[in-house]
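Participant: Given the coordinates of chain A, work out where chain B should sit on it, guided by the hints.
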Amino acid sequence: MTINGLKNHPYIPNSVPEVQARMLKEIGLSSLEQLHELIPESLKMTQSLMLPKPLVSEYELKRHVTRILDQNTHCEKYLNFLGAGCWQHYVPAVCDEINSRGEFLTAYGGEMYNDFGRFQALFEYQSMVAELVDMDVVNVPTMDWFQAAATSVLMAGRITNRETVLVPDLMDPDKFRAMANYCSPKMTLLPVGHDPVTGQIDMNDLKTKLNTGVAAVYFENPSFLGFIQIHGNEISEMAHKAGALSMVGVDPSSLGVLEPPSRYGADIVCGDLQPLGIHMNYGGGQAGFIATRDEQRFVMEYPSRLFGIVPTVKEGEYGFDDVAYDRTSFGNHREHGKEYVGTQAALWGITAGVYLAIMGPEGMADLGRTILQKSTYAKALLNDIPGVVASRFKSPGFKEFVVDFNGTGKTVEEINKALLGEGIFGGKDLSAEFSELGQSALYCVTEIHTQADIDRLIAALSRIMGHA
Amino acid sequence: MKAIQRNSKVRTGFHQAKWDEPIIFELTQKGERGIQVAGTEPGIRDRVGDGIDSIPEQLRRKIPPALPEISQPRVLRHYMRLSQQTLGADVNIEIGQGTCTVKYSPKINEMLARLPQITELHPLQPEETVQGIMEIFYKTDCFLREISGLDRFSFQPGGGSQGILTIASVFRRYFEVKGEAEQRNEIITTIYSHPSDAAAPAVKDFKIIYIGPDSDGYPDFEAFKAAVNERTAGFIVANPEDTGVYNPKIKDFTDLIHASGGLCGYDQANANGLLGVTRAKEAGFDMCFFNLHKTFSTPHGCGGPACGATGAIKRLEPFLPGPHINAIEGNDGKQRFAFDRTFDDRSIGKVRSWYGVAPVVLKAYAWIMSLGAEGLYETAKVAVLNNNYLFRKLMEIPCVDAPYIRGKQRVEQARYTLEKLTKETGITSGDIQRRIMDFGLHYWTSHHPYHVPEPFTLEPTETPSKEDLDEYIATLKHIFEEAYNNPDIIKTAPHRSSSHQVDSSWSDDPERWAITWRCYLKKTRQV
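In the order they appear, the protein sequences are chains A and B. Position in the first sequence (from 1) plus 56 gives the number in my numbering. One point on numbering: in my numbering, the residue at position 334 of the second sequence is 324, and numbering is uninterrupted.
Think of the hints as simulated: they come from the structure by calculation, not from any bench. Be careful, since some hints might not be right.
[Said to hold, decoys possible] Restraint-style ranges between C-beta atoms, simulated for each label pair: (1) B:TYR440 <-> A:GLU97: 44 to 54 Å; (2) B:GLU16 <-> A:GLU290: 52 to 62 Å; (3) A:THR102 <-> B:LYS(-1): 33 to 43 Å; (4) A:THR58 <-> B:LYS241: 15 to 25 Å; (5) A:LYS263 <-> B:PRO46: 18 to 28 Å; (6) A:ASN388 <-> B:GLU212: 46 to 56 Å; (7) A:ALA149 <-> B:PRO46: 33 to 43 Å; (8) B:LYS(-1) <-> A:THR58: 42 to 52 Å; (9) B:ALA317 <-> A:LYS473: 40 to 50 Å.
[Unchecked claim] Partial chain A-side listing against chain B, Cβ under 7 Å, derived: (10) PHE160; (11) ASP171; (12) LEU245; (13) LEU412; (14) GLU478.
Each residue gets a CB set at the ideal place from its N, CA and C atoms; glycine is no exception.
So that you can see chain A by itself, here it is in the shape it has in the complex (with noise of 0.2 Å):
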């Protein structure tokens, strides 16, 4: 049988059929099934794929669509409070207005005259989040900090001639998978261990595991279940007494009020961009970035595609291009380069600068300040509900902490369902990945939230545990 088209599709032109006639006459053939001539018949399909019949109609595909899409309940409607890698963070317009340029959406692989737009404005990012997090260089996005802590990871690796990667044991245990995966075989990640009380990484076991195969000490801060890690100047330099780099992981939205890491040893810094004016998109809008010196036995690892400016034949006119291009698997080398480079997340670079334009140093401190202040209220508040305590460990916070709610008698996952029956998404439920933790839950206040959005989870709290 023969399959058929589906002729005058408003996205296809040539799928009018006298213009095909036409276009197949210049070409010597007389239909299309003339084309496909290499393909033996023992692989062509003989009949249509199974697949649901079209809604050619714009009209029609929209009402379906959004009868799919209106089964879903989103954190505009209802009050979140989850994070974990994934944040809710007001998006400034202005973002959106950026990214919806058909422009940017729509362009890919260009060079830098064609593209010229494109090279800045990624030139730009990189630029302001060199500033952000104290680094002279900074890459064009990968795809999300695991991939971006996973790429580190071999950096390390290829920069010091070593094999393991020391890594706090509290970390996110999919962004562990993800590295893990992507580094092996090449290199081990070894979890060091945390003081139980405070969450803190443990001195004296990094001091035991640091030795002479250790690439490099990676940390986060603030850590994933949301303490900072006060000692990171002391973990830095045992990481370079034993020939080791120091790599932090950051949250960027933490910058304006934490020391950037730089300031406590880092050599690498990594981390994702979903914080700066991208929307959670169901874990869609994550981006990760890397940064360090300009030194180049760090610059020539990156697999990465950097942007520098450069001058153009014309005095005076700022031009762009891909620095120390043949380092990449796109240049001369390919695999004999570093890793491998495709597309990964530029759009949400893109979106990042322009939010780190727009917020700039007073805003990303208002930022910070009004986090640290909500997110340190709603621990009072809740430490307040006889039976919980939070936040489970003992060290300065931000954003994110961890709530106990072992003196309950209930578990999160009850506690959980409870409160969405008000209308809340409570914190991601650890007992699972964390089972030393119990009925805990990570919980991520940020600028988002007003008082009353606390208030209102105190409140449910309360009645959830039989308290009012």
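Facilitator: What follows is chain B alone, placed relative to chain A:
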């Protein structure tokens, strides 16, 4: 009244936007603000103070980040101008991005993907609150199963190269579980497959074995036979390759790999011309990936966010990154969607955070729904028609040639050579690339290293009309004539783009490269 004569198909009057815009740091004006952050209520301040005291002194930021201070309208204007200096597919006839499959990205799909019902979803929300997006993931998975013949897709990979990494990771894990990882440490690919088909498996410590073309341009089967042995973990290849040549013996290749105990991974970056025509399964592949941002129309976003949806046959499903979404029957008898979060020891774990780029999956879903099986088939046929029309017309130009399978059809793209032009005029393919920008078009040479001399690679897809193709051809002809008559204008191009020729000598010189503005200021001694 005399009519205005505008006969030329070639846009000789084109000039790209050129705003001569400063670097954003140069716009700074102390005290200006682009936005005010949501404040803290007095009730909170009364209870907790300024919040900063909760941070140990040594960890409080002492020197504020030197970000620019700019009002909102000026920031907006800056980026609007930069966007105008970017030649996205929405504003040009996008057939010159080589093998990148840049096609029309429907606006309705973009609009749908920006609804709060998707943008404001948190990935850890309870399943009952995200049934809509789970349905989209599940159904798109089912569509890709049907299009490829494979049994399960993961949307985690954030691009084609990460899709290849996922395939290579599964291959390695598969042989680890079998206890053969040390022995099977070679991946075979071809020189005309994407560089990532070699580079991503090399990250997983595979040794890369390249197969070159035979005299017809097909992957050399004799060389392939000689390369396959007990060390072969797998074969990862594009078909058609970037030359547009489809390997008709592909099943013999995959059979041979299977006979020696290896696995086959299909780089389907070039799938657009094959939709509904032929599938990965029948060609003998165990895994494949599709670029949703290429074949399935989602916009490229200057290089992501994207999705390299990666599929596997049943036997390899347990090795895919999780979690998966299944359709189950609820207590009420209705279909609902649930995550399978059971962790299989054999799984490679995760390759990207969460479940993939949800808006990209949604846009691909909407695109498939707008076309159905008949529309996908039309897409493939028109893409191949467009390419072969373009190919025939360009091959009529004396200075253009294309190696291999003379007289036979290409699939979705073709790699040409300007060797003759270069010999006769000194104008290289790279020169042509810069000159065509003066007419508002893209043109791509090739991946490196060049195996075809003075190469260029075009892929029209189904998006351009015959008129568009004719304009592209006429523009190239115009430039080739310039090469013979006025080569200097090409050598010094671009003239009407957003920037003039750059001095690339800075870019490989550690003393002069400047990857950030602060670096530039330091190296030019402005600070």
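Participant: Could you check the structure against the hints above and give me the numbers of any it violates, in ascending order?
Facilitator: As far as the earlier hints go, 1, 2, 6, 8, 9, 12 and 14 are violated by this structure, in ascending order.
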